[in-house]
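My request is simple: use the sequences and hints to build the entire structure.
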Amino acid sequence: MTNRIFLSLLLTLYAGTTTAASDDAAEPLWNFGGFGTLGAGYHNRENVIYRRDLEQAGGIEGHKLGVRMDSRIGLQASASFTPRWSTTIQAVSRLSADGDWKPMLSWGFLRYAPTDWLELRAGRLGADIYLEGDSRHVGYAYTAVRPPAEVYGVVTQDRFDGADLTVRTPVAGGLGSLKMYGGQSRGDFYLYGQRVTQDDATTLGATLEWANDTLTLKAAWADIHARNDVSLLRLRDALTSIPLAQAQYRASQIETSHHITFAGVSARYESGPWSLQGILARESFSQFPRYTGWGSSVVAGYRIGAWKPYLTWGRISFEPDESALALPPPAAALQTVYDQVVDRLTMNQRSLGAGVRYDFATNYALKMQVEKVRASSSSILITPAGMPVRDTSLTLFSVVLDFVF
Amino acid sequence: MTRMRFFHCLALVAVWLTLASGCARAATLAVIVHPSSGVDSLSREETSHLFLGRIKHLPSGTPAVVLDTTSLRADFYRALVNREMNEINAYWARLKFSGRTQPPEQIEDAESVLRRVASERGTIGYIDATRVDKRVRVVLLLEY
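Residue numbers (this note's numbering), protein chains in the order written: chain F, 1 to 405; chain W, 1001 to 1144.
Simulated from the structure, these hints should not be mistaken for lab results.
Here a beta-carbon is modelled for each residue, glycine too, at the ideal position from N, C-alpha and C.
A portion of the hints provided could be inaccurate.
Stated by the list, open to error - Here are the simulated lysine-lysine pairs, DSS-like style, with alpha carbons at most 30 Å apart:
no. : chain 1 : residue 1 : chain 2 : residue 2
1   : F       : Lys179    : F       : Lys372
2   : F       : Lys218    : F       : Lys179
3   : F       : Lys218    : W       : Lys1056
4   : F       : Lys179    : W       : Lys1134
Unchecked claim - Here chain W is said to cover these stretches of chain F; the calculated rule only asks that three of the stretch's residues, wherever they fall, bring their Cβ under 8 Å from a Cβ of chain W:
no. : region
5   : 30 to 43
6   : 102 to 113
7   : 205 to 215
8   : 269 to 275
9   : 302 to 311
10  : 356 to 364
Okay, here's the thing in C-alpha cells:
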C-alpha cells in the first residue's frame, strides 16, 4: 500500500516536473537496470540459524545447504528529465521479516540538483550509513560476500520516506560533502519469532564525507525515534503491581519512546591492487534497559587479475545498562520474564573470514568465503524458534554469484 | 675488429629495444572537449571528479555528458586513478544502485567519440592522442 502511494506521488511529481522543465529538455532519458545475488551457504552448528541481519525471518540452518540468506534481486528504473531533475525507482526482493520474498520499494525519489554543489531528493530514501553505497543489497559492490553483520546487521530500519539535502565542495584535493536527511522510518526486524515494525518511528541523520581517487573518509550519524512502542508495557504493569521500591523504579524506567542511534566513522583506501576498508560504529538502543555498544569491521583485499583474495574481521559488543532486580519468590515467573527482557538484545559476536572474489566476466563476480563466527550472545544468530543464541561458534561457508545488468 | 663490430651491433639492438619499449610505454590518451565548451584545460583531479560521477558540470558551468571509449577504458582508468576495471565496475554499481548517478555512456570506438565530442558542446571523452584533430580541444594528456 505504501509502495503504491509513493509511486503515485512520484508520478504526480514527475508530471509537474516535465511541465516546469520543458524548456530544458524535450524527452526524459530513461535507464533500466538491476542487480542480484544467487547465494548458497552451509554451517556446522545444529539448532542455530545464521542471519546476515536482524531483518531476516530465516537464514542458514545448521548442517543444511541454505540458499535464502544472501540471494536477492533488485530492479531499477531511473530517468533524467533535465540536467537538474531526475528520478529513481528501485525494488528489491529478498528474504523479509515475514519470511517471504515480497518486493520492497528500496528507492523511489525525485531529485533536484541545480548545481554540482547542491542536491535535494524527496521520496523513499536510504539512511546514508554504508561505506559502499547506501544499500546493503548490492552484493556486486562489496568485496566480501555481504556487508559486515557485526556492524550493519543490527541497523535494518535503513529506509525512510522523507527528504535529504546534500552540499558539496572541493576541499584538500578531493570532494567533501555534507548530507542531512529525515523522514518516516521504514524497515522491520525479526526477533523472538515475530516481525517487529515501528510505523510511527522517524529517522534523522547526517553524513560528512570526503573522497579523492584513492581514499574515502566518512562520518555518519543516524537516529531512529519511535514514540509509541508498547512492547514492554505489560512488563511495566506487572512490575508496578509489585510492592517493592526497586520494582517500582524499574517500572518507571520503561517508556514507550526510544531511540536507535548509529554513529560511525569509516575509511576506504583503494589504489592499484590494494583495497582496505574499516568502520567503527557506536550503536545504542535507548529502550529499557538501554543498550550501548560498538560494532567494527575491517576488510582487506588484493587484486591479482580477475581474482581478489580478501580477509574480513568483524566484532559487535552490545550490552545492557546495569538493571539488577531481585523479586520475591512468589514473583519467580515475573523474574524470569524480566531477566529475559533485560538480556533480549545483548550481543557479543565476532567473526574472522577469508575469501576470494573472482570477476570472471564483466558485471559478474563469483565469491567464495569461509568464516569462523563466535558468539557468547547474539540476536543475529537465532534458534529455529527465533530466539537469541548464547555461547556458540560455527564455521560458515558461502558461495555467491553477484551480478549487475 | 669483429668483436668490436659485434658489440656495436649488440649496443644498437639494445638501444633499439629500449626505444621500442619506451615508445610502447609512452602511449598517450587525450581527454577532449568541444572547442566552444569554455574549457581550456582540466587538472587530473577535475577529470577524475567528472569521470567518476562526483561532479556533473564542466568548470565552465556547461552540463557534462561523459563518454567512455570502451576499447580504451581499462588503460584510461589505470592512468587516471590507478584502478583496475573490476574495481571501477564495482564502484559504479555502488553509485548507480544507491540512486546517486549513472555511469558514463559507453561508446565502442574512438571515431564515434571524436564525432560526438566535435558535435556536442558539453561532451567530454578520451581517445588515443594520435587521433586528435582540430574539431576538438585537448584538455588533459595521460600517459599509460
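Results for each hint:
1. About 36 Å separates the Cα atoms of Lys179/F and Lys372/F, which puts this hinted pair outside 30 Å; it is violated.
2. Restraint check for Lys218/F and Lys179/F: satisfied, since their Cα atoms lie roughly 11 Å apart, inside the 30 Å limit.
3. Taking the CA atoms of Lys218/F and Lys1056/W, the gap is about 22 Å. The hint holds against a cut of 30 Å.
4. A distance of roughly 42 Å separates the Cα atoms of Lys179/F and Lys1134/W; the hinted pair therefore is violated under the 30 Å criterion.
5. Taking a C-beta to C-beta cut-off of 8 Å, the region 30 to 43 of chain F contributes 3 residues in contact with chain W, enough for the three needed, and the coverage statement holds.
6. Beta-carbon proximity to chain W at under 8 Å applies to 4 residues in the region 102 to 113 of chain F; the threshold of 3 is reached and the given coverage holds.
7. A count of 4 residues in the region 205 to 215 of chain F with a Cβ less than 8 Å from any Cβ of chain W is obtained; the coverage claim is therefore met, three being the minimum.
8. Under a criterion of three residues with beta carbons nearer than 8 Å to beta carbons of chain W, the stated coverage of the region 269 to 275 of chain F is upheld, 5 such residues being counted.
9. As drawn, the region 302 to 311 of chain F meets chain W at 3 residues by the rule of a beta-carbon pair under 8 Å; at three or more, the given contact holds.
10. Against chain W, the region 356 to 364 of chain F contributes 3 residues with a C-beta closer than 8 Å to a partner C-beta. That satisfies the three-residue criterion, and the hint holds.
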